[in-house]
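> The lines below spell out each chain.
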Amino acid sequence: MHQSVNDFTIRVATVNGSGSQSANLTLTSAIFRLGIHAAPKNVFPSNIEGLPTWFDVRVSPQGYQCRARDVDILVAVNAVTWLADVASVRTGGVVLHDAALKCSEETKRADITYYAVPFTALAKEYTTDPTLRRYLTNMVYVGALAELLGIDENAIEAALQKQFRSKPKAVTLNLGAARLGGAFVRDTLVKTDSYRFTPVPGGTDGLLYMDGNRAAALGCVMGGCSVAAWYPITPSSSLCESFIALCKQYRLDPATGKMRAAIIQAEDELAAIGMVLGAGWAGARAMTSTSGPGISLMAEYAGYGYFAEIPGVIFDVQRAGPSTGLPTRTMQGDVAFTYTLGHGDTKHIVLLPATVLECYEFAMTAFDLADRFQTPVFVLSDLDLGMNSWMTSALPYPEQPFDRGKVLRAADLNAIESWGRYRDVDHDGIPYRTLPGTPHTEAGFFTRGTGHDEDAHYSESPVVWEKNLDRLVRKHDSARTAVPSPVVEDTGKNVAILAYGTTHHAIVEARDLLLADGYTFDYLRVRALPFAPEVAAFIARHERVYVVEQNRDGQLFSILRTELPPEVSARMISVRHYNGVPIDAHAVADPILQHERQALAATGENVR
Amino acid sequence: MTSVALNIIGLSRDVYKGLPTTLCAGCGHNSITNHLIKAMYEFGVEPHLLAKMSGIGCSSKTPAYFVEHAHGFNGLHGRMPSAATGAKLANRQLLVLGISGDGDTASIGLGQFCHMVRRNVDLTYLVENNGVYGLTKGQFSATADVGSTSKGGIANEFETIDVCGLALELGATFVARSFSGDGKQLVPLLQAAFAHRGTSLIDIVSPCVTFNDHTGSTKSYAYVKDHELELNAPDFIKGSEEITVDYEPGTAQDIQLEDGSHVVLRKIDHGYDATNRTAAILMLQEARARHELMTGLLYVHPGESDLCERENLVDEPLRDFGENDLRISREDWTRMMASS
Numbered sequence: 002m003h004q005s006v007n008d009f010t011i012r013v014a015t016v017n018g019s020g021s022q023s024a025n026l027t028l029t030s031a032i033f034r035l036g037i038h039a040a041p042k043n044v045f046p047s048n049i050e051g052l053p054t055w056f057d058v059r060v061s062p063q064g065y066q067c068r069a070r071d072v073d074i075l076v077a078v079n080a081v082t083w084l085a086d087v088a089s090v091r092t093g094g095v096v097l098h099d100a101a102l103k104c105s106e107e108t109k110r111a112d113i114t115y116y117a118v119p120f121t122a123l124a125k126e127y128t129t130d131p132t133l134r135r136y137l138t139n140m141v142y143v144g145a146l147a148e149l150l151g152i153d154e155n156a157i158e159a160a161l162q163k164q165f166r167s168k169p170k171a172v173t174l175n176l177g178a179a180r181l182g183g184a185f186v187r188d189t190l191v192k193t194d195s196y197r198f199t200p201v202p203g204g205t206d207g208l209l210y211m212d213g214n215r216a217a218a219l220g221c222v223m224g225g226c227s228v229a230a231w232y233p234i235t236p237s238s239s240l241c242e243s244f245i246a247l248c249k250q251y252r253l254d255p256a257t258g259k260m261r262a263a264i265i266q267a268e269d270e271l272a273a274i275g276m277v278l279g280a281g282w283a284g285a286r287a288m289t290s291t292s293g294p295g296i297s298l299m300a301e302y303a304g305y306g307y308f309a310e311i312p313g314v315i316f317d318v319q320r321a322g323p324s325t326g327l328p329t330r331t332m333q334g335d336v337a338f339t340y341t342l343g344h345g346d347t348k349h350i351v352l353l354p355a356t357v358l359e360c361y362e363f364a365m366t367a368f369d370l371a372d373r374f375q376t377p378v379f380v381l382s383d384l385d386l387g388m389n390s391w392m393t394s395a396l397p398y399p400e401q402p403f404d405r406g407k408v409l410r411a412a413d414l415n416a417i418e419s420w421g422r423y424r425d426v427d428h429d430g431i432p433y434r435t436l437p438g439t440p441h442t443e444a445g446f447f448t449r450g451t452g453h454d455e456d457a458h459y460s461e462s463p464v465v466w467e468k469n470l471d472r473l474v475r476k477h478d479s480a481r482t483a484v485p486s487p488v489v490e491d492t493g494k495n496v497a498i499l500a501y502g503t504t505h506h507a508i509v510e511a512r513d514l515l516l517a518d519g520y521t522f523d524y525l526r527v528r529a530l531p532f533a534p535e536v537a538a539f540i541a542r543h544e545r546v547y548v549v550e551q552n553r554d555g556q557l558f559s560i561l562r563t564e565l566p567p568e569v570s571a572r573m574i575s576v577r578h579y580n581g582v583p584i585d586a587h588a589v590a591d592p593i594l595q596h597e598r599q600a601l602a603a604t605g606e607n608v609r
Numbered sequence: 178m179t180s181v182a183l184n185i186i187g188l189s190r191d192v193y194k195g196l197p198t199t200l201c202a203g204c205g206h207n208s209i210t211n212h213l214i215k216a217m218y219e220f221g222v223e224p225h226l227l228a229k230m231s232g233i234g235c236s237s238k239t240p241a242y243f244v245e246h247a248h249g250f251n252g253l254h255g256r257m258p259s260a261a262t263g264a265k266l267a268n269r270q271l272l273v274l275g276i277s278g279d280g281d282t283a284s285i286g287l288g289q290f291c292h293m294v295r296r297n298v299d300l301t302y303l304v305e306n307n308g309v310y311g312l313t314k315g316q317f318s319a320t321a322d323v324g325s326t327s328k329g330g331i332a333n334e335f336e337t338i339d340v341c342g343l344a345l346e347l348g349a350t351f352v353a354r355s356f357s358g359d360g361k362q363l364v365p366l367l368q369a370a371f372a373h374r375g376t377s378l379i380d381i382v383s384p385c386v387t388f389n390d391h392t393g394s395t396k397s398y399a400y401v402k403d404h405e406l407e408l409n410a411p412d413f414i415k416g417s418e419e420i421t422v423d424y425e426p427g428t429a430q431d432i433q434l435e436d437g438s439h440v441v442l443r444k445i446d447h448g449y450d451a452t453n454r455t456a457a458i459l460m461l462q463e464a465r466a467r468h469e470l471m472t473g474l475l476y477v478h479p480g481e482s483d484l485c486e487r488e489n490l491v492d493e494p495l496r497d498f499g500e501n502d503l504r505i506s507r508e509d510w511t512r513m514m515a516s517s
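Chains as they are written, first to last, in this note's numbering: chain A, 2 to 609; chain B, 178 to 517.
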């Protein structure tokens, strides 16, 4: 029989706009309170109300945070998708469904267990308010599920108290609905499946739930961002909205109550990045957050920022493209685009967080790097990381001061004979800058996107132009050892996996799956562009390196192939996942296993 | 030794000069640059607090030609307003001067122009308006009048965008129109614009001698000379100065600006009230129908909140804050993490 204690996936299939999100988060939070690692994933439509939506809660002893391919327990509420939802349940699984949903004898599956609970009818009896009734229907299934799987009522109550912090009435109302569901299961159903929760005392101590966008917003606050400009776009909006909320609470001048931050909802992304660069040029730490379509609009100013050398931070919470694509689905789709965003010769610093903790840390790092390298820095999150709640350890308080980079103040200018904006004094490609408002007659210079010499004067000289582009390459190379270094697990195997961003979570489980088949691999997780020297060394040391990513064209694979020597890049094999839902372990393990078996058959060697 | 004349902050006029112009001889933009130098010298602009912002085009090159040692930002075509907005937010003590053209503002940059105006970003925004693209050799811009002909004799068939009329619609708080050749009017307008808190728009007709100064153009020296009507003649009196000139009662409108300065509009057209938005819109519409170019301070509304005030920003430049001012305290952080 299938392992069924604290190791299964629940899928709730509901209708968008029915208020199921808070019920599902209550469910997740209640499981977490049992000391059990629960990883929620919301798969939702580009719609406000009416289209189908799914919410998965995965529990596993290993604490896997990636999506599970198989559904063990389906909570079926949506009549429209009900048959397809039932079809997604694995053999031996469970369907807990609204009693109003019926299967014909032909469609009814014999290999799964059905439990019918009148969610809607119970909610109808509970309240006469039609709006409330819709919301409370969701709490009825939470209560039913809790009874069925063994979630203590105290855990539900505690989760509700957290969910509705300042609304004790809502806690009572929701708890009442959950109790109805629980009572129905207890009184009328006989449990015939073996799925259940067993509390793990202390199992989630020190952990909390946070989404990547809020973590990034916290990083912006702690990283000293004081100007933000943004245009609403899914899935990035909550990043700036969190930043706004945080600033309203924590960025008020104690004496005057005025704000130490300016946040502007711009007319478009083009204006948003213009504001960021204007503010960065004037010396404030500035950021914008967007997604792929916004990045498209930012191309010209991104190139300008690179060439005129102006700091700024751009969060790209990636979603599925091309075009409007699947705006509520995930993708690692903008890696190649952002890396060279701009016309002409352009190469940006791009950070690739994989976890909530990294969203927070890399946000702070991004501001330091932007100031240090005087350039736009991209932070590439994705919908899965940005909008889903993830278990994380508490975010640590930063102990380092800001690195504001090479800025000459009036006193500095007095101490030196002369300065030129783009002179490479330190031979690291990074020049010195001054800020507008510096009280010194020599501080001013003319920032331009046109050809300029070391002293920022207009120049069309071929020599000056080429020299400047070469210095920018030098600067880019200096960044290789300053950006977050890759996470390397090199235990001397012949074959390795290379990944980045949220793909990491599928790699963790995939390596366990592969191990079960007898295959072990080394692993490198890239955390930034430009590549640190370790990346090339790691690939060169292995016979085969599987480069796994969530896009159709193998974007990071292509960058690696362009930048590495041919004999090194020839070792790489591209593994790609691009259906819009977060990558699962099988999407990694299956193609790798297949390829490894072929490789074994071809060479006769034993790579195990 | 001859003594060099100094302005109220002790700087010579030379400080306000820039690099030699690379625009065509006789270009209206060069005249505007000279008027700007005079206006800033007399006003006592602090060069280190000046932020010269521009987009792309002939007009946008001009920030190189004045106050050489001030910071300049020559940005993207039509996208200067956003950069200017960001700079002002980062350091609200800066005197932000945006220099744009008709293509940069009314064609490619119309969106950013509109949103800058409706946000009332505190800056002086000049449109050096010649109705034509100079650097790409003579294409019409969106401010070209219907029926106006190109150098090659082709008539523009599309409706003109009047940036002053548009700004009034968008809630602008300072709207003026002038002519590059009229320093007497332009200099005090520029100074009033520096003094005004909020977006100060000055649309300056500035003939392009190379591509748009022919018969059939409505932005030529000759056409402007024949069609310009002075709505009012401004005098600018800096805050600290006393008003010494006597204006005949009923002939002048005295408007006090936010910093205590006054702009006194000697009224050529006696009935016109420059603080009445509706009257300004009507006046522009009527003048357009009569093919008249009305110049002067068309509208001003002192006292309106600018963007920094609407954002409730602290008075200090944001760029000056450090870790201790910007980070959440350790106690609050611990509390937040515990309740997350």
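No lab work stands behind these hints, which were simulated from the structure alone.
Careful: at least some of the hints might be erroneous.
[Claimed, not checked] Listed below are several chain A residues computed to face chain B (Cβ distance under 7 Å; list not exhaustive):
| no. | residue |
| --- | --- |
| 1 | Gly64 |
| 2 | Ala272 |
| 3 | Pro402 |
[Unchecked claim] Simulated coverage check for chain B against chain A, where a stretch passes if three residues somewhere in it have a Cβ under 8 Å from a Cβ of chain A:
| no. | stretch |
| --- | --- |
| 4 | 232 to 246 |
| 5 | 432 to 445 |
| 6 | 477 to 491 |
Just so we're clear, the structure is a prediction, and the values are computed from it rather than from any experiment.
Even for Gly, the Cβ is constructed at its ideal location relative to N, Cα and C.
> In terms of beta carbon proximity below 8 Å, does the stretch 477 to 491 of chain B have 3 or more residues touching chain A?
holds (count 6)
> Grab the minimum C-beta distance from proline 402/A to chain B and call the hint holds if it beats 7 Å, violated otherwise.
holds (5 Å)
> Within the stretch 232 to 246 of chain B, is the number of residues with a Cβ closer than 8 Å to a Cβ of chain A three or more?
Coverage by chain A holds here, the residue count being 5 at a Cβ distance below 8 Å.
> Go through the hint on alanine 272/A and say holds or violated, using the shortest Cβ distance to chain B against 7 Å.
holds (4 Å)
> Please verify that hint: glycine 64/A, Cβ, nearest Cβ of chain B, below 7 Å or not.
violated (18 Å)
> Closer than 8 Å Cβ to Cβ for three or more residues is the test here. Does the stretch 432 to 445 of chain B pass it with chain A?
n = 0 at 8 Å, threshold three: violated.
When held up to the earlier numbered hints, the structure conflicts with 1 and 5 and fits the remainder.
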